[in-house]
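Using the sequences plus the hints, can you model the full thing?
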Amino acid sequence: MRATIYNDSGNTVGYVEDKEIKDVLYETIGYIEGEEIKDKFNNTIAYIKDNQILNSEYGALGIIDENMIKDADYDTLCYFFKDELKDASFKDIGHFENVLNKNQIITVALLIFKIIDLQSESGK
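In the working numbering, the protein residues as written are 1 to 124.
Worth flagging that the hints you see were computed from the coordinates, not collected in a lab.
Be aware that a few hints might be false.
[To be verified] Below, a list of computed lysine-lysine pairs in the BS3-like style, where the Cα atoms sit at most 30 Å apart:
id	residue 1	residue 2
1	K22	K40
2	K86	K70
3	K70	K19
4	K114	K49
[To be verified] Between beta-carbon pairs, the in silico distance windows are:
id	residue 1	residue 2	range
5	Y58	V99	16 to 22 Å
6	L25	Y74	18 to 24 Å
7	T4	K114	29 to 35 Å
8	E33	D73	27 to 33 Å
If you're wondering where the values come from, they're calculated on a predicted model, not measured in any experiment.
Glycine residues also receive a C-beta, built at the ideal position from the N, C-alpha and C atoms.
See below:
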């Protein structure tokens, strides 16, 4: 399955093809494999486990609370729905052409929209 990701202006910003997350130039930027989020080199950079977003050393980066992604301090970063993302003020961030599963949506929020900066949070 392929889904196109659009920003709030309607411009294409990326794609999801099954496990692969690609940027607008169709270059692979990461993968979602079960609970693991991997970078383009297939290194694990984060986990989605038990409604938490964890760095590669299992340190807390964020929380998944129903349809919200919150930071480690429980501040809402964004809302997600079956075909869209909204910021904490409920303004549009992006839309998905096809329905994605929960882990794919969260991975898109992290890798394409950079809701949480995984590189700096993991100490890389």
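Here is how each hint holds up against the structure:
Distance hint between K22 and K40 is fulfilled; the C-alpha atoms sit about 9 Å from each other, no more than 30 Å. For the given pair, K86 sits about 13 Å from K70 by alpha-carbon distance, which is consistent with the 30 Å threshold. With a C-alpha separation of about 23 Å, the suggested pairing of K70 with K19 holds against the 30 Å cut-off. Restraint check for K114 and K49: the C-alpha separation of about 19 Å stays at or below 30 Å, so the hint holds.
A C-beta distance of roughly 30 Å is found between Y58 and V99, which places it outside the suggested range of 16 to 22 Å. Range check, L25 to Y74: Cβ separation about 36 Å, and the 18 to 24 Å hint is violated. For T4 paired with K114, a C-beta distance near 18 Å fails the hint of 29 to 35 Å. Distance hint check for E33 and D73: the Cβ-Cβ separation is about 28 Å, which falls inside the suggested range of 27 to 33 Å.
Hints 5, 6, 7 from the earlier list are contradicted by this structure; the remaining hints agree with it.
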